[in-house]
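Undergrad: Sequence:
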Amino acid sequence: MKKVRLVVSSIILGSASALAAAQTTAEHNVHHPEVTATGGPSASAQTDVNPALLEKQMDTHMQTMLAFHEKFQKASPAERQALMSEHHELMQKGMKMMGMASARMQGMGMKDSMSPQTAGNTSTESSAADHTMMLKRMDMMQSMMQMMMDRMPAPTTPAQ
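Just remember that the numbering used here sits 100 ahead of the position in the sequence shown, which is counted from 1.
Derived by calculation from the structure, the hints in this document are not laboratory data.
All C-beta atoms in this analysis are idealised placements derived from N, C-alpha and C, irrespective of residue type, glycine included.
Please note: incorrect hints may appear among the correct ones.
Simulated restraints on C-beta separations [claimed, not checked]:
| hint | residue 1 | residue 2 | range |
| --- | --- | --- | --- |
| 1 | I111 | Q173 | 31 to 39 Å |
| 2 | R105 | Q192 | 31 to 39 Å |
| 3 | T164 | A203 | 15 to 23 Å |
| 4 | M101 | M252 | 24 to 32 Å |
| 5 | A152 | Q206 | 14 to 22 Å |
| 6 | I111 | E225 | 52 to 60 Å |
| 7 | D250 | V149 | 27 to 35 Å |
| 8 | Q157 | L106 | 41 to 49 Å |
| 9 | H188 | S110 | 30 to 38 Å |
In silico DSBU-like pairs for lysine-lysine, Cα to Cα no more than 35 Å straight-line [to be verified]:
| hint | residue 1 | residue 2 |
| --- | --- | --- |
| 10 | K196 | K156 |
| 11 | K196 | K174 |
| 12 | K171 | K236 |
| 13 | K156 | K174 |
| 14 | K236 | K174 |
| 15 | K174 | K193 |
| 16 | K193 | K171 |
| 17 | K236 | K156 |
| 18 | K196 | K171 |
| 19 | K156 | K193 |
| 20 | K156 | K171 |
| 21 | K196 | K236 |
| 22 | K193 | K236 |
Let the sequences and hints guide you as you build the complete structure.
TA: Structure (C-alpha coordinates):
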(Lines of atoms letter the chains of each structure in order from A and count residues from 1; the text may use other names and numbers.)
(Lines give C-alpha, C1' and ligand atoms only; values in the text may rest on other atoms or scores of the structure.)
Protein backbone atom coordinates (compact mmCIF):
# COMPACT_ATOMS: atom_id res chain seq x y z
CA MET A 1 0.00 0.00 0.00
CA LYS A 2 2.82 2.38 0.82
CA LYS A 3 4.49 1.67 -2.52
CA VAL A 4 1.29 2.44 -4.39
CA ARG A 5 0.93 5.69 -2.48
CA LEU A 6 4.56 6.56 -3.25
CA VAL A 7 4.13 5.84 -6.96
CA VAL A 8 0.90 7.85 -7.18
CA SER A 9 2.48 10.74 -5.26
CA SER A 10 5.51 10.68 -7.56
CA ILE A 11 3.31 10.75 -10.66
CA ILE A 12 1.26 13.66 -9.31
CA LEU A 13 4.35 15.60 -8.26
CA GLY A 14 6.03 14.96 -11.61
CA SER A 15 2.94 16.09 -13.51
CA ALA A 16 2.59 19.22 -11.41
CA SER A 17 6.22 20.20 -11.91
CA ALA A 18 5.93 19.59 -15.66
CA LEU A 19 2.89 21.86 -15.78
CA ALA A 20 4.62 24.54 -13.74
CA ALA A 21 7.65 24.45 -16.04
CA ALA A 22 5.37 24.77 -19.06
CA GLN A 23 4.40 28.33 -18.12
CA THR A 24 5.68 31.11 -20.30
CA THR A 25 7.32 34.11 -18.66
CA ALA A 26 4.28 36.25 -19.42
CA GLU A 27 1.97 33.71 -17.76
CA HIS A 28 4.19 33.57 -14.71
CA ASN A 29 4.47 37.36 -14.40
CA VAL A 30 0.68 37.78 -14.34
CA HIS A 31 0.75 37.48 -10.54
CA HIS A 32 3.77 39.81 -10.22
CA PRO A 33 2.37 43.28 -10.96
CA GLU A 34 5.64 45.02 -10.10
CA VAL A 35 7.51 43.17 -12.87
CA THR A 36 7.56 44.80 -16.29
CA ALA A 37 7.65 43.13 -19.68
CA THR A 38 11.45 43.43 -19.67
CA GLY A 39 11.58 41.16 -16.64
CA GLY A 40 12.91 43.80 -14.25
CA PRO A 41 11.16 45.66 -11.49
CA SER A 42 8.98 48.54 -12.57
CA ALA A 43 9.96 52.11 -11.83
CA SER A 44 7.48 52.24 -8.94
CA ALA A 45 9.18 49.23 -7.29
CA GLN A 46 12.58 50.93 -7.53
CA THR A 47 11.67 54.29 -6.04
CA ASP A 48 13.20 55.36 -2.74
CA VAL A 49 10.76 55.31 0.13
CA ASN A 50 10.78 57.41 3.25
CA PRO A 51 11.26 54.87 6.07
CA ALA A 52 8.91 56.69 8.47
CA LEU A 53 6.18 56.84 5.82
CA LEU A 54 6.67 53.15 4.95
CA GLU A 55 6.47 52.21 8.62
CA LYS A 56 3.22 54.16 9.00
CA GLN A 57 1.79 52.55 5.83
CA MET A 58 2.73 49.10 7.13
CA ASP A 59 1.01 49.80 10.47
CA THR A 60 -2.13 50.98 8.69
CA HIS A 61 -2.08 47.97 6.39
CA MET A 62 -1.71 45.60 9.35
CA GLN A 63 -4.80 47.15 10.96
CA THR A 64 -6.70 46.80 7.68
CA MET A 65 -5.64 43.14 7.36
CA LEU A 66 -6.69 42.38 10.94
CA ALA A 67 -10.11 43.98 10.38
CA PHE A 68 -10.52 42.04 7.15
CA HIS A 69 -9.47 38.82 8.88
CA GLU A 70 -12.15 39.28 11.53
CA LYS A 71 -14.76 39.98 8.84
CA PHE A 72 -13.59 36.92 6.88
CA GLN A 73 -13.80 34.66 9.95
CA LYS A 74 -17.39 35.71 10.65
CA ALA A 75 -18.49 35.27 7.02
CA SER A 76 -20.43 32.33 5.62
CA PRO A 77 -18.78 30.24 2.89
CA ALA A 78 -20.65 32.16 0.17
CA GLU A 79 -19.65 35.50 1.71
CA ARG A 80 -16.07 34.30 1.98
CA GLN A 81 -16.04 33.55 -1.73
CA ALA A 82 -17.27 37.07 -2.41
CA LEU A 83 -14.47 38.48 -0.23
CA MET A 84 -11.70 36.69 -2.13
CA SER A 85 -10.98 39.57 -4.52
CA GLU A 86 -10.51 41.92 -1.56
CA HIS A 87 -8.31 39.27 0.08
CA HIS A 88 -6.18 39.09 -3.06
CA GLU A 89 -5.80 42.89 -3.20
CA LEU A 90 -4.73 43.02 0.47
CA MET A 91 -2.15 40.29 -0.13
CA GLN A 92 -0.77 42.05 -3.21
CA LYS A 93 -0.47 45.35 -1.34
CA GLY A 94 1.19 43.63 1.63
CA MET A 95 3.69 41.88 -0.63
CA LYS A 96 4.52 45.18 -2.30
CA MET A 97 5.13 46.86 1.06
CA MET A 98 7.32 44.00 2.27
CA GLY A 99 9.25 44.20 -1.00
CA MET A 100 9.81 47.92 -0.53
CA ALA A 101 11.01 47.36 3.03
CA SER A 102 13.29 44.57 1.90
CA ALA A 103 14.74 46.62 -0.93
CA ARG A 104 15.36 49.50 1.46
CA MET A 105 17.15 47.28 3.95
CA GLN A 106 19.21 45.52 1.28
CA GLY A 107 20.19 48.87 -0.19
CA MET A 108 21.54 50.11 3.13
CA GLY A 109 25.19 50.16 2.32
CA MET A 110 27.81 52.79 1.63
CA LYS A 111 25.60 54.70 -0.80
CA ASP A 112 22.75 55.08 1.70
CA SER A 113 24.94 56.02 4.63
CA MET A 114 25.34 59.44 3.02
CA SER A 115 21.68 59.93 2.09
CA PRO A 116 19.68 62.76 3.69
CA GLN A 117 17.36 60.23 5.34
CA THR A 118 20.22 58.62 7.29
CA ALA A 119 22.72 61.48 7.47
CA GLY A 120 21.99 62.38 11.11
CA ASN A 121 21.56 58.83 12.34
CA THR A 122 24.19 57.06 14.32
CA SER A 123 24.79 53.42 13.56
CA THR A 124 22.76 52.50 16.65
CA GLU A 125 19.76 54.52 15.47
CA SER A 126 20.03 53.06 11.99
CA SER A 127 20.36 49.54 13.38
CA ALA A 128 17.30 50.06 15.59
CA ALA A 129 15.30 51.36 12.61
CA ASP A 130 16.36 48.36 10.53
CA HIS A 131 15.41 46.01 13.36
CA THR A 132 12.01 47.67 13.72
CA MET A 133 11.40 47.38 9.97
CA MET A 134 12.41 43.73 10.04
CA LEU A 135 9.98 43.06 12.89
CA LYS A 136 7.19 44.79 10.99
CA ARG A 137 7.90 42.69 7.91
CA MET A 138 7.84 39.52 10.01
CA ASP A 139 4.53 40.53 11.64
CA MET A 140 3.03 41.23 8.23
CA MET A 141 4.27 37.91 6.84
CA GLN A 142 2.83 36.03 9.81
CA SER A 143 -0.51 37.79 9.45
CA MET A 144 -0.64 37.08 5.72
CA MET A 145 0.22 33.43 6.28
CA GLN A 146 -2.52 33.15 8.91
CA MET A 147 -5.02 34.67 6.49
CA MET A 148 -4.02 32.13 3.83
CA MET A 149 -4.31 29.25 6.29
CA ASP A 150 -7.72 30.42 7.49
CA ARG A 151 -9.11 30.54 3.98
CA MET A 152 -8.14 26.91 3.34
CA PRO A 153 -10.77 24.27 4.01
CA ALA A 154 -10.25 22.04 7.03
CA PRO A 155 -8.73 18.67 6.17
CA THR A 156 -11.32 15.94 5.84
CA THR A 157 -8.99 13.04 6.64
CA PRO A 158 -6.84 12.70 9.74
CA ALA A 159 -3.10 13.33 9.28
CA GLN A 160 -0.96 10.22 9.22
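Undergrad: If a hint holds in the structure, say so; if it does not, say that too.
TA: Evaluated hints:
no. : hint                      : in the structure
1   : I111 <-> Q173: 31 to 39 Å : holds (37 Å)
2   : R105 <-> Q192: 31 to 39 Å : holds (37 Å)
3   : T164 <-> A203: 15 to 23 Å : holds (22 Å)
4   : M101 <-> M252: 24 to 32 Å : holds (27 Å)
5   : A152 <-> Q206: 14 to 22 Å : holds (19 Å)
6   : I111 <-> E225: 52 to 60 Å : holds (56 Å)
7   : D250 <-> V149: 27 to 35 Å : holds (30 Å)
8   : Q157 <-> L106: 41 to 49 Å : holds (48 Å)
9   : H188 <-> S110: 30 to 38 Å : holds (32 Å)
10  : K196 <-> K156             : holds (14 Å)
11  : K196 <-> K174             : holds (27 Å)
12  : K171 <-> K236             : holds (23 Å)
13  : K156 <-> K174             : holds (28 Å)
14  : K236 <-> K174             : holds (26 Å)
15  : K174 <-> K193             : holds (23 Å)
16  : K193 <-> K171             : holds (18 Å)
17  : K236 <-> K156             : holds (10 Å)
18  : K196 <-> K171             : holds (23 Å)
19  : K156 <-> K193             : holds (14 Å)
20  : K156 <-> K171             : holds (23 Å)
21  : K196 <-> K236             : holds (14 Å)
22  : K193 <-> K236             : holds (15 Å)
Going down the numbered hints, you'll see the structure goes against none, and every one checks out.
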